[in-house]
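Residue numbers (our numbering), protein chains in the order written: chain A, 17 to 195; chain B, 238 to 973; chain C, 70 to 546; chain D, 10 to 245; chain E, 56 to 237.
There could be a bad hint or two in this list.
[To be verified] Straight-line alpha carbon distances no greater than 30 Å define the calculated DSSO-like cross-link-like pairs of lysine-lysine that follow: (1) Lys288/B with Lys176/A; (2) Lys727/B with Lys356/B; (3) Lys114/E with Lys277/C; (4) Lys271/C with Lys120/E; (5) Lys356/B with Lys739/B; (6) Lys409/C with Lys224/D; (7) Lys114/E with Lys183/C; (8) Lys17/D with Lys176/A; (9) Lys67/E with Lys118/C; (10) Lys17/D with Lys441/B.
Source of the hints: derived by calculation from the structure; they are not laboratory data.
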Amino acid sequence: MSTAPSQLRKAVVNVVAFAVLGALVLGATWLYASQRVPPQPLEFNHYVHVQQLGLSCLYCHSNAPRGQSAGLPQVNRCIACHNQLEPKSPATRALQKYAENGEAIPWVPVAIQPDFVYFSHAPHVQRGISCQTCHGEVGQSTVAQPIKNQNMGWCLSCHKNMSTPERFVQLSSCEACHK
Amino acid sequence: MSREGLTRRDVLKLAGVGGAVAAVLSGCGPMAKYVRRRPYVEQPEYALPGKSVYFATTCRECPAGCGLVVRTVEGRAIKVEGNPNHPLNRGSTCARAQAALQGLYNPDRARGPKVRGGKAITWEEGIDAVARALQDTPPEGIVFLLGLAPDHLAELVYEITQALGAPPPIRFGALAMVEARQTLAAAAEAVFGQKAVPTFDIAKADLVISFGANFLETWLSPVAYAKAYGAMRQGHPGRRGVFVQIEPRMSMTGANADLWLPAKPGTEGLVALALGRLMAEVAGVEAPEPFAQVDPAQVAQAAEVPLEKLEKVARYAVQDVERVVALPGGVVLGYENGVEVAQAILALNGLLERLGKPSLVYFTPPAGGREPLAPATYKELMDLVDRMNAGQVKALFIHGVNPVYEFPKVLGFEEALLKVPLVISFASFDDETVPYAHYHLPDHTFLESWGYQRVQVGADREVLSGFQPVVVPVFDTRATADVLLAAVQKVGGALAEQVPYKNEVEFIQKQVAEFQKRNDGIYQAAHPKVFWALFLQHGGWWTQEATATPAQAQVPTVQVGEAKFDRGELHLVVFPHPILADGASANNPWLQETPDPTTTVMWNTWVEVHPETAAQMGLENDDLVLIDSPYGAIFASVYVYPGIRPDTIAIPMGQGHTALGRWAKNRGANPIDLLGFGVNGAGDAAFGQVRVTVRKMGRRQVLARKENTVGVYGDGRYQPVDKRKEEEEKVTSTQE
Amino acid sequence: MHSETPLPAELHGQVEELRKEHLLIDVRPREEMNRMVLEAMEDTSREWKWAMAFLGLVTVVTLFGAWAYLMSTGMGLAGIRRPIFWGLFIVSFVFWIGISHAGTFVSAILRVFKAEFRRPFTRAAELMTTFALMGAGLYPLIHLGRTWRFYWMVPYPNQRWLWPNFRSPLVWDFFAINTYLIGSTLYLYLPLIPDLAMARDKSTGWRKKLYTILSLGWRGTEEEWRHLTKAIQIFAWAIIPVMFSVHTIVSWDFAVAMKLGWHSTIFGPYFITGAILSGIAAVGSVLYLVRTTMKNMTYFIRPEHFDTLGKLLLIISMGWTYFFFNEFILEWYGGEHTVKEIIRFYTQGDIAPVWWLMVICNIFIPWAVLWNRNWRRKPWVMFLMGLIVNVGMYAERYVIVTGALSRNRIPFDWGWYQPSLVEISIAFGTFTLFLFMYGMASRLIPLIPVWEVEEGHHAHSLRKVGKTVVPSVADLE
Amino acid sequence: MAGEEHTKWVMVIDLDRCTGCNACVTACAMENNVAFAGEEENAYGRGMHWIRLVRYWEGEYPEVQMRTMPMMCQQCSNAPCEPVCPVFATLHSEAEELNIQVYNRCIGTRYCANNCPYIARTFNWFDYEWPEPMNYYLNPDVTVRRRGIMEKCTFCIQRIRRAQEEARLEGRPVRDGEVQPACAQACPTDAIVFGNWQDPHSKVRQLAESQRGFKFLEELGTEPKVIYLSSQRHEF
Amino acid sequence: MYGGYQGRYEPKIYVALFDDPEPAARAVEVLREIGIEDRLIQIQSGVPWKPEVLGRPIKASAVPKYGMVGAGVGFLTSIALYFGTPALYPLRVGGFPLFTMPPAFVLIFELTMLGLIVASFLGVLFESLLPPVVGKRVYHPEVSDGAIAVFFQAPAILLDRVKEALQQVGASEIEPVEGSFV
């Protein structure tokens, strides 16, 4: 007779099981879809350059305060130091090969904007936003890693937090980034 | 963007262009889908990723010489803009200049030097071939066939031919043929005493009477004229210029007229004289000699123009307004009596001057006092073909012109070309002439080139408009001037002494240096390098003040006579396509896709037929017809066009390529093939005397148009097709 | 149980008369009806298999194949062009939404009004609703330029800070169609449960397993019946306004637009009437197919049904004509230039054949034929009428969607529309999809609601309970 | 930025100056990466032009007269295209008072295009190609649209934003005439003028107050931001 | 629970089949007279006979309540969506105010109806405990052929008395069945 409570229990178990399964599937999809660390042509170590040697980000990514993209270092900027520093290491040899051939190093960009998003470094850097705000502590890691969840909501929440409501009207207007 | 700001700020950036462009191409942009991202090997100081760099240069899509500013980003040319300071176009551009980037980045461009048959060679071999040609050919057997731009190359070639003792280069182009520049110059000599193409200052005019001149489309300097047209209409507060156009087929220019008079072809000169006589009558003075000889009523009847309209125009010109100008152009110069017709029309200006009206005609002072090499006449071209056929031409260099396409078939240039033992083409594209060339040594397109153009018409001051490369060459092409100079070096000896330039830039710098001494330019500099940098930065050199003065017009004695016509049913008007012009850039897809202003047709050739004529012949829109002239025949689709005389059909130039690339090839028809031999007094082609027969082919070939095919006639009220036909039948039956 | 007792000879005429007025008076025992329905359902003959295989194949090719081609290549494969941005897809969408009104109308409205003759074919009509709606629901997806982004219309929390625009009629559409699809599917399913239980009890093998799952353990206890009948009542009342809202909102897709020829206040009722017209016509056609292709169906689906449907069809056709007249006469009378152009285009322009087809199929032929009782009672006539009216209604949607778009305020940009092969293929594919789904369903679920038919048998019998007399089954409260 | 909150971009088109030369059409296409569709597609009415010249013939030969009118998105204040979009792919920018189209948000219902009384919108029927190296000229400031989405004139929003950014970095308001859409920049007769309505000294403001000014289909209540100056004709 | 028999006999469920509602109703009456309460009787049938006809207690269904609750949830959801999302993320279209009432009614109506419909359906399932998640429940397959099955739970000691009484009112057979009522 008194089976109703056990039925309910079973129903609850069913629902919970379904929810967990769904969450697992969705989570796996999200993990799959999120960005992962790409292999680079040269093993550049950000930690050594930034933390140990104390180089500023702008030394290599010199275009950030002036242009749209921060820019990737030219070969001769690397060579300028590496002619003296560790000229024998395999990575430096590979670097020299690029320099001798006059080729650009085919760096694989880590922080990628989709085609339909227009982001310019200049206005952000000129307003004194540090590189770490968006790119995280790249200097702490050996290999540059993409920042998770750098999506539209992330941009908007930052725009909202860092501006006045009047200014946010402009900063949240679609055409600010989508042209 | 701030154009003023840029020119000031980018002085230094532009100064070092020569060496720096080499590294520019390996840039990157955010368009990941289309362009690979790569860092610079050596980043030019002026090129910041994502920042635009602007280069001032000159348009070479037609010989006018408008100033451009090209926006580049990371070594790629992104957008052509007008140079706001250039005295000719003042920041504006036409459609052709806008689409020039599609010529620059055209996938169908010639990608490197070749010999006949398509085998690739090195530039060394190519230069050797040129050197051998210059060395081994007897000088009188060397012929340079050049287009109307660029002037620096023509001048360099002129020096080379002088040094060799060869005949001077021949400059020609289909556009020049229908513009009949020599006719205009000849007529101007008779009226203004100066043998050059005059500029008509319509900006200041209260009344413009144009006889066939399509000055808003392709004529001489269209952007400058369009600029002036805008000023004429609404540039002066409280005073709106009025515009009368007299031509058999309503061109885009005519479509903008307040009054469009479709005079019978061949009567335009008489209409001008009648108009002059009427003006004199209104003014109450005795009509001068050429005007006195006509009877306006008779002329109006012969020209099928209402006399009352002519009277009103005459009265308006004399009584109501102050500044009046009359200009000839287009098809009215294309009769055997074209010079006389032009004189009659220009004489109106003389008459008006006698009636106390100010002159609105001036001659653009040639830059540096040096007239650019005048274009050749049709007659000279026929002579050239004769010489080729006679085997007198041993080496033919072709640059900037596509004779197999642009010259009427009836001239026999193709056959003559086969008799020339050495033909070298410098075309940037694999055009129709290239297969006949033994060597194809492709030049850059103008956005990769150095050079200058001496502005000849449209500017009120001396203008030397400069070109500079805005990007590094996309393909393995080389400047023709450099090739010639390298060959000259190779030949050495007296030739090298007389033509002592190391390269093209040195030659140009030498020419430009002449202007350093001038103190009336927009800039001065003591050091040649700084002057050169300023020259590049400004996109040329011109004087600060307008120096052109109004030309005093005479009233010459003119016997207009009668225009002669071939046999045939209908008059033929061959006009330069308002967008494609002569078709040299027909492979720029956006030029093909830009609708024709009057018909909105894109991508094809159409035949304009008057609705009545079409009804009589049973033709409807898109019907394929065969157009047959005594000299050739083409197929094209009918466009029933309300703005054309019933006894006339019109076909635009620009299409009908059999080569030139994927977007131009096998598209439409080339009406130049219909033209014949006739020349006028100045030696220009009498292209207006051709008459044709039209035959229905019983097939339809639908024209791509922007307009829809219903509802655009009349006030836009839709009529079902069969009903319209009924009405047309009614019209024809009442006529019978 | 009612056993079949031989009737006295003198009563035959009387019974015949009764049958005409109250359908299915010649009752058969429940076992026999069960057997007949199951026999029809389990009749997976070779012909049926071939037909299903063929229909399935054709659907895969013409609908899904063409859709995949369209999606991978671009909307340009369709015949639409500027300024006619909507074409056959939207036409088919509106058409199928219209068809989907039949089931609800026949089942819910007749249920609410306790029209007894509905009983044998409510399920056949409800199935139409569900499948037609599924077909219709495909079209908004097919016609999207970027189908793979359709989920942006769904309101769900996301990182973009963006929600659907609830002011857009397309979002209303989205909600209305989903509500209607869910509602009508549940409305189909609820009365189906007892019949599935019946099938469970009487079948073996995989069918038994299937029906065990589908019947949800239905036993027919008093509790279950109480809740089920209550729920069916609620559904019948609730689904009617939803049905009206759906087609009204579909009509608002057009009516709210700043588009002459669309911007009409009469579109809501006009579309609903048209939908019911096409729906009822389609019911006639489908019932004919069911009756002729399935076993034992002549007992359940009878000329009386066709007769009644015919009367309905005639009435609705008149209603439609009334709205049609309103729509055109008023716009024409108003005399706005562009509207006149649109009407001229309808009646004389390129689209005129379609417009006149609509008038002939929706007015002239039904009016001429359906007055006649003898014609109405002939199933094949009603089958043809169903087809003709549906052709007419397809034409109506074609005219409204593409015709009005062909004329606008800028004569320079007028145009006209020609459907492309891909569009026609997809439109055709939904017809075969519908037939395929219906054919499959006819062999998988009892197409006749046996319990409702039996309920109908008892419906008019009053039972004495103690001292009171009550109707015996719940429905006749 | 002072004054920036009150920008209202307005375009004035002087039909008396306009010759119908179509330079604006080409300029627009080159600036905004507008695809070329080819002959067949254009013959079928699928040109991608963001701006077109609407042309009419008036009168009968020989009194026939051609009228042209450049027609593009009128950037209506009450744009009929906006509310019908289910996903906010086209909406009103409060910052610029412009009607904007967000390509990556568009799902391609094409409702906006049906609802536009100016027929200003074009649809990407296919993925259009710029064969290498023609893709080099593509403007990096403008999204290259893929198949299945709507596009339309944006008043060259990328130029507006660029000028604003430059002005802000230099700490000054945007000057009159500093922003020019590609069509206005190219126009050989200066028929198209662009500027900020809120600036009482701007050229557009002065021109727009001309007696010749009118807005196309103004009676629909869309409040377009393109003001046409009617053309005139001297009758002989 | 079972009066004096409790603890001495385990009650079992039996079924009696009837063809018509009248005998079934009489059977129910007989059972009640014997002392078997209504809650120990369950009737299964192939058509929804009215409880009055079968002499069973009349109960109201809870399904409408589910429906109301569902409608309420739908209504609140629609309000939250329609007024909540633009308030959080204001986007302007077509010169419309941010909150336009006429479109709100559309959304409110649709979601309310959706809530009503779905909740009513779920109500049927919940109230009838469908689908079964417990063990075997009493059932007789002849129900689907139109028979009326009267299930009753009675201790064995009463069985003979019950059988006799039921056969008097016309039960075709009385047999024990496995399973529970719910």
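Taking the hints in turn, this is what the structure says about them:
1. Lys288/B with Lys176/A: With Cα atoms ~27 Å apart, Lys288/B and Lys176/A stay inside 30 Å; holds.
2. Lys727/B with Lys356/B: Roughly 23 Å separates the two Cα atoms, so the pair holds.
3. Lys114/E with Lys277/C: violated (33 Å)
4. Lys271/C with Lys120/E: violated (35 Å)
5. Lys356/B with Lys739/B: holds (29 Å)
6. Lys409/C with Lys224/D: holds (24 Å)
7. Lys114/E with Lys183/C: holds (23 Å)
8. Lys17/D with Lys176/A: holds (24 Å)
9. Lys67/E with Lys118/C: violated (49 Å)
10. Lys17/D with Lys441/B: violated (34 Å)
Checked against the numbered hints above, the structure breaks hints 3, 4, 9 and 10 and satisfies the rest.
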